[in-house]
Structures are given as C-alpha cells and as structure tokens.
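Each chain is listed here by its residues.
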Amino acid sequence: MAKWGMAHGGVGELVQGIAQVMNVSSVNDLRRLTGGASRETWMFSADGEKYVMQRVRPGHPGGLGFEPQVLMQAQLAGVPVPQMVFDGSSSDALERPFMIVRAVEGETIARKILRDDEFAQARTVLAAQLGAAAARTHMVKAEQIPDLPGLDQLTMYRNVMDELGEPHPVFEIAFRWLEQNRQSQDRRTLVHGDLRLGNIMVDPSGLTAVLDWELAHLGDPMEDLGWLSVRAWRFGGANPVAGIGTYDELFTAYEEVSGIRPDINAVRWWEVLGTLKWGIICIRQAATHLQGIARSHELAAIGRRVCENEYDLLEYLAEMVK
Amino acid sequence: MTAPHDRPTASELVQAVREWMETDLMKGIEPRMTFHLRVAMNMLDIVDRELQLGAPMEERHAEILRGLGVADDVELSQKIRSGEFDNDIASLLTALRPVIEDKVRVANPKYLR
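Protein chains in written order, with the numbering used here: chain A, 1 to 322; chain B, 1001 to 1113.
Derived by calculation from the structure, the hints in this document are not laboratory data. Hints may be right or wrong, so weigh each one.
Some but not every residue of chain B turned toward chain A, in silico, with C-beta under 8 Å [claimed, not checked]:
| no. | residue |
| --- | --- |
| 1 | Ser1011 |
| 2 | Met1033 |
| 3 | Thr1034 |
| 4 | His1036 |
| 5 | Ile1046 |
| 6 | Asp1073 |
| 7 | Leu1076 |
| 8 | Leu1092 |
| 9 | Arg1097 |
| 10 | Lys1103 |
| 11 | Val1104 |
| 12 | Ala1107 |
| 13 | Tyr1111 |
Think of the CB as a built atom: it goes at the ideal place given N, C-alpha and C, for glycine as much as any other residue.
Taking the hints into account, I'd like the entire structure generated from these sequences.
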C-alpha cells in the first residue's frame, strides 16, 4: 500500500480500486491514454498481464450503455474482441461505470495498416477476416441483447440533417434515392455500427480484434459491410473494402461463415447511406465549433470535408440512376 | 489585389503565415502538436485557394442555380425533397457536378479524380 501512497490525485485510489475488483495484489504502470469524448481509457498491468480500463468521464450520464453486453455476445459468437475481465457498468467501485478488458496487441492507425511493410501480409487476408468477423457479429440475434436500440438509420440522419438546417442539394438527392430504393430487410441482427480501419486492431499476421462497440445497434447487417467500403474509410487505398480488399474477398469469407452471400446492391445502398451519414457528421462536427459548444480548429476544418462526400455521392448516384 | 488595400494581398498574407508555420513553428513545438499544426496549415491553404479561385466559382454556382430555375441552395433542396426533380435526377447530377468539383478544388484538390 505504501508503494501507492505517493500517487497524486485520485490515481492511488484508482489503483487500489482496480486491485480490489480484479482481486490482485498489485496493479502496475497505470496510465491514461487519449480517449473518446465520453470515455476515459486507462492501461495497466497486473500479474504480468496487460489490461485496458474504460471509464465514463465525469459529468457524462448514461453509463456504458449496451457495450459490455454487446462485447460479451460478440465474443460468444466468435468475433475476435478484447476479452471482458470485469463488467463494472453497474458498479460504484471506481466512482463511475467502467469495464476492464484484456489488452490486445496490434496497430489501429489506418495509414500504417494500409502502407507499412510490416502489414504487407496482413493486407492479403484482412478483407476476408473482416468478412468473417462481420458474419459472426451478425449471428447475434436481437433477443440476445434485450432493449438494444434499432432505430431506422435513414430516418435518424434525416432528423440530424433537419436539425442542422444547412442546405446541401446533393445530400437531398441521396436521401431521395435512398428512400425510393430501400432494400428488403429480411435479417435483423446485431450491427457493429462503426466497423472500419481505426476501430480494428491489426498485427503483422492480420486482424486481432474488433474494437469500439459503442455504436452497436440492431439493424440490417449489410450496414456494416457498406460502412466498411465507404470511400472515406478507404483512407486513399485503391480497393473498395477498407481500401485493402475486394468485395469478392469480403463476401466469400462472409458466406463461408454464415452461409449467406451478401447482395452487392444492398451493400452499395448502405455505402451510399454511409457516405451521406459521414457527410452529415462532418456538418455536425463543424457546427459543434461554430455554435461554441466546443471551439476547436480541428472541428472547424472538418466542415470543409463535407464536399468530399457530396463528390463521392455524385459518383455513386450517377452510376445508380443510369 | 483588392483596392484600396496594399500588398501583401490577402492571399500573400495567408501564405506568409503558412510559411512561418512550416519553416519555424513546426521545429519548435512538441511532437503531439504537429498534427494540430498541420491541420492549421491546411486550413490556411484552403483560405488561400478560396481567395484565388473563389470569385468565378461564385458566379458559376449562381449561373447553375439560375439554369435550374431556383434562387438558392435552400430552394433547390426543398424542390429535390418534394420530388420536383424526380424525373430528371441524372441531368440534375450532371448540372451540379461543376459546383461540387469547385468546392473540392478549394477544400482538398487532391481528392479530385
């Protein structure tokens, strides 16, 4: 205990709290990583193993939502995910809701995965591995995660667009086309909701884990495959799937696991929606700055990325209305 | 150069700041700040391109809207939404292409194919 007596602020207490919930004698090298807007991310080791702890930031209501449940179901379905060690979503042991998972080794930075020699081998298998991981994710049925939200994505972004109140004719054409060409939704499953480079861990041999399940919801499983192929998430790569692979690699692996061959038209529909959605998120990011909610030149700059999505939508739509 | 202002022009002022950021500032800041500085430099590039290319783009945009029979993007958006262009989406896409290309040419010309 004396070892941690010198720790400043609440870190000493945090170390003790973690040691207690994990039932270990010592917690070492606790350090904070840069995290998202609503979560703190910490790393530490205990008994020679490395762990990651996510905790809700102060002043953020709503806890961890469905993420711990989703993560556990995904793991049961065979998706490579960080292994849950302690679900503290309804615990007050560390003041705010938290969860502890086993750390996964690898790289998340898209640019490196796409270009570094170290990942040359990984790039040959990644599209197929993502197809298999998505197929396993989509084996999780609605009833396995009671109350998981499943809002209609198109309606949801229509509302966001209307709230933002900025006119973008190309986005209106996209909305119109999407409404008139809705795909039949015969499957309704767990959807990761943000499956792309940046949210996956990759080592030189390939995919090691699918991360960031915060946006998981119920819906059409083809959403994940479309999002994975949106041009923004190709990060300049030449191929459609995560900039790395082909639709055929993705679909074949998906079919091997699930027995279902994805329909390219459904995937393309979700790609169009994904491009529109990212464009609207860009408007919203800039608005966060412009409205003074969070003044930031980075957020401001994102406002000028809206037109990249208009440009991509023109291309998609020109191909589709032919 | 816009009368009655002296040189440097607005564009030249922006370029001067940008050059200072790249040659001096970049070397003197913590590594974690370099990304933020690159974002800022990129923003100045956008401003510079808009200053240099913006006037004819504004004209082209207005002309295309006139050709479509609408006053502005708000009216065009409403008409698309209410279905008035449903029978002619392909030519609407063609008509809007130069506008969108202009926007990308200012914001991120490398993105153009």
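Results for each hint:
1. Ser1011: Cβ of B:Ser1011 sits 17 Å from chain A, so the hint is violated.
2. Met1033: violated, 12 Å
3. Thr1034: violated, 13 Å
4. His1036: holds, 7 Å
5. Ile1046: holds, 6 Å
6. Asp1073: B:Asp1073 check passes; min Cβ-Cβ to chain A is 4 Å, inside 8 Å.
7. Leu1076: holds, 5 Å
8. Leu1092: holds, 7 Å
9. Arg1097: Holds - the Cβ of B:Arg1097 comes within 8 Å of chain A, reaching about 6 Å at its closest.
10. Lys1103: It holds, given that the least Cβ distance between B:Lys1103 and chain A is near 4 Å, below 8 Å.
11. Val1104: The hint holds - B:Val1104 has a Cβ within 8 Å of chain A, the shortest such distance being about 5 Å.
12. Ala1107: holds, 4 Å
13. Tyr1111: holds, 5 Å
Checked against the numbered hints above, the structure breaks hints 1, 2, 3 and satisfies the rest.
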